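Q: Starting from the structure of chain G, add chain A where the hints point.
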Amino acid sequence: MSEMAIPMRKPAAVPETDFTADALFRTHQQRIVRLCRMLLGNPDDADEVSQEVFLKMLGQREHGPEPADWRAWLTRVAINACHDRHRSGWWKWWKRDGRELLDTDLTSRDTVHEAISHEQTDALWRAFRKLTARQQEVFILRQVEGWSTREVAKSLVLSEQAVKLQLFRAMRRLREALRSER
Amino acid sequence: MKPCLDENQLLRLWAAEPDEFPDQRSHLAGCAQCTANYNQLSQEAGTITDALTTAADHLRWRDRTAIPTAYARIGDGLRTAAIFSGAVAFGGAAAFALLVTLGWHPTSASPRLASAAPDTSVADLAAGRSAASENMAIANAEMGTSYLTAGSLYAADELTTDPLAGLAYGDSAQAANANAGEDLLFCVPDDDSAMCSSSGGQG
Chain G
1 MSEMAIPMRK PAAVPETDFT ADALFRTHQQ RIVRLCRMLL GNPDDADEVS
51 QEVFLKMLGQ REHGPEPADW RAWLTRVAIN ACHDRHRSGW WKWWKRDGRE
101 LLDTDLTSRD TVHEAISHEQ TDALWRAFRK LTARQQEVFI LRQVEGWSTR
151 EVAKSLVLSE QAVKLQLFRA MRRLREALRS ER
Chain A
1 MKPCLDENQL LRLWAAEPDE FPDQRSHLAG CAQCTANYNQ LSQEAGTITD
51 ALTTAADHLR WRDRTAIPTA YARIGDGLRT AAIFSGAVAF GGAAAFALLV
101 TLGWHPTSAS PRLASAAPDT SVADLAAGRS AASENMAIAN AEMGTSYLTA
151 GSLYAADELT TDPLAGLAYG DSAQAANANA GEDLLFCVPD DDSAMCSSSG
201 GQG
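If you're matching them up, the sequences are chains G and A in order. The numbering of the first sequence is this note's numbering, which starts it at 1 and goes up by one. The numbering of the second sequence is this note's numbering, which starts it at 1 and goes up by one.
One chain only, chain G, in its complex shape (with noise of 0.2 Å):
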C-alpha cells in the first residue's frame, strides 16, 4: 500500500462570488451530476435529475430566498431528487433489458488508478451499490463533498453518532470489496 500515498478528496476552498445562474451551473454541474451518478448508479438517471436540480435553482433564484451557501443547496435538492427518482424507479428494472453498468472505461487512467486495479474498481463500485441509500449519502457528503459529521448529521436529519456509525459499515464494507480482488 505504499504506492497508495493518494491525498483525501477536499472541496474547492476558493470563495464563490459569482452567483449568476450560469456561473452556479458551470461550477456544481460535474459535483452534481458525479453526485447523481453515485447515488442512482445510473448515468441516464443522473443526468435527468442534475437537470431537474438546476431548474429547481432557477426557480429559487427567481421566486425563492436567497440561499447562504449555493453549494450545501444544491448537494441537498440533488440528494432530495435522487431519494424522489429512487421512489419512482421501480420500472427502471423493465427499461434496463439487455444492458448493464459497470463500464467504468479507465483505459485513459491517471495516476490515482495506477494504484488500483480495474477489477478492484468494479469491486469496489458493486460494494458501494450495495450499501444502503442511507450509508451511500453519508459516504458521499462525508469522503466525496468533505463535509463535517455535523453538518452531515444535519442535512440528513441524523444524530452524529448515526453518521459515524453509517460512515464506518461504509467503510467496512468498502475495504472489505478492495482486499478482496487483491
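It cannot be assumed that every hint is accurate.
[Unchecked claim] Beta-carbon label-pair distances, calculated as ranges:
hint, chain 1, residue 1, chain 2, residue 2, range
1, G, Ala-72, A, Ala-82, 41 to 47 Å
2, A, Asn-8, G, Glu-181, 17 to 23 Å
3, A, Ala-32, G, Glu-181, 27 to 33 Å
4, A, Ala-29, G, Glu-176, 23 to 29 Å
5, G, Glu-62, A, Leu-78, 45 to 51 Å
6, G, Phe-25, A, Gly-77, 42 to 48 Å
7, G, Ala-162, A, Ala-32, 32 to 38 Å
8, A, Ile-74, G, Ala-72, 45 to 51 Å
9, A, Gln-33, G, Glu-119, 26 to 32 Å
Everything labelled a hint here was simulated from the structure, so no lab data went into it. Since we're looking at a predicted model, the values are computed, not measured. Each residue gets a CB set at the ideal place from its N, CA and C atoms; glycine is no exception.
A: The following block gives chain A in isolation, referenced to the frame of chain G:
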C-alpha cells in the same frame, strides 16, 4: 502500555471527530505499529473515494455481452411474463371491481323481472293486478335490495329512494305514488324505447 488497536477500533477512530476517544488517540500517537496501520487505513479511504468518484465519472451503459444468451433470454422471458400477467390480473380485478360497484348481477338472477310486461303502469303494478308486479315482488323478496332487471342499471344513489317500494311489498297505489313528485327514474325491461322515464309521468 495499552494493547494495539484492532482494525475496527482504528476505523472507529477514523470515522470519529478528532476530540473523541482520547485514550485510543494517545495510544495511537505513541505506537508506531498503530500509527502505520492508521495511515494505511487513511490512504485506503482516499483510494476508495477517488476510485469511486472516477468510476462514477466514467459510468456508462454497455451491451450485456458477458451474460450467456440462454440465461439472458430466459430472464427476458420471465420479465415479460411477469409484467404482462401482472397487468392482465390488475386489469381484470379493476374491471370486476367496477362491475360490482355499478351493481351488475348475472342475467340469470332475474328472469322473472325480465318477463314483466313493458306497458304495465305503476298503478297496475302497485295494485298487484298484473303478473309482472307479482314477478317483481317475488324477485325483490328474493334479491333483497336489488332492483335491477336484465340489461338495466341504476345508479346507486337513485336507488336509495325507491319508487317501486310500495308495490314491491304489496302496498297501495298511494304508497307507490308517494314519491311521484320526485323526478325519479326507472326502466321497464324489454321496452323498445329502452329509455328510462320519470316515475311522475307514469304514476
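Q: If a hint holds in the structure, say so; if it does not, say that too.
A: Going down the list of hints, with the structure as the test:
1. G/Ala-72 / A/Ala-82: 41 to 47 Å: holds (42 Å)
2. A/Asn-8 / G/Glu-181: 17 to 23 Å: holds (21 Å)
3. A/Ala-32 / G/Glu-181: 27 to 33 Å: holds (29 Å)
4. A/Ala-29 / G/Glu-176: 23 to 29 Å: Given range 23 to 29 Å: holds, Cβ gap about 28 Å.
5. G/Glu-62 / A/Leu-78: 45 to 51 Å: holds (48 Å)
6. G/Phe-25 / A/Gly-77: 42 to 48 Å: holds (44 Å)
7. G/Ala-162 / A/Ala-32: 32 to 38 Å: holds (33 Å)
8. A/Ile-74 / G/Ala-72: 45 to 51 Å: holds (47 Å)
9. A/Gln-33 / G/Glu-119: 26 to 32 Å: holds (30 Å)
No hint from the list above goes unmet by this structure.
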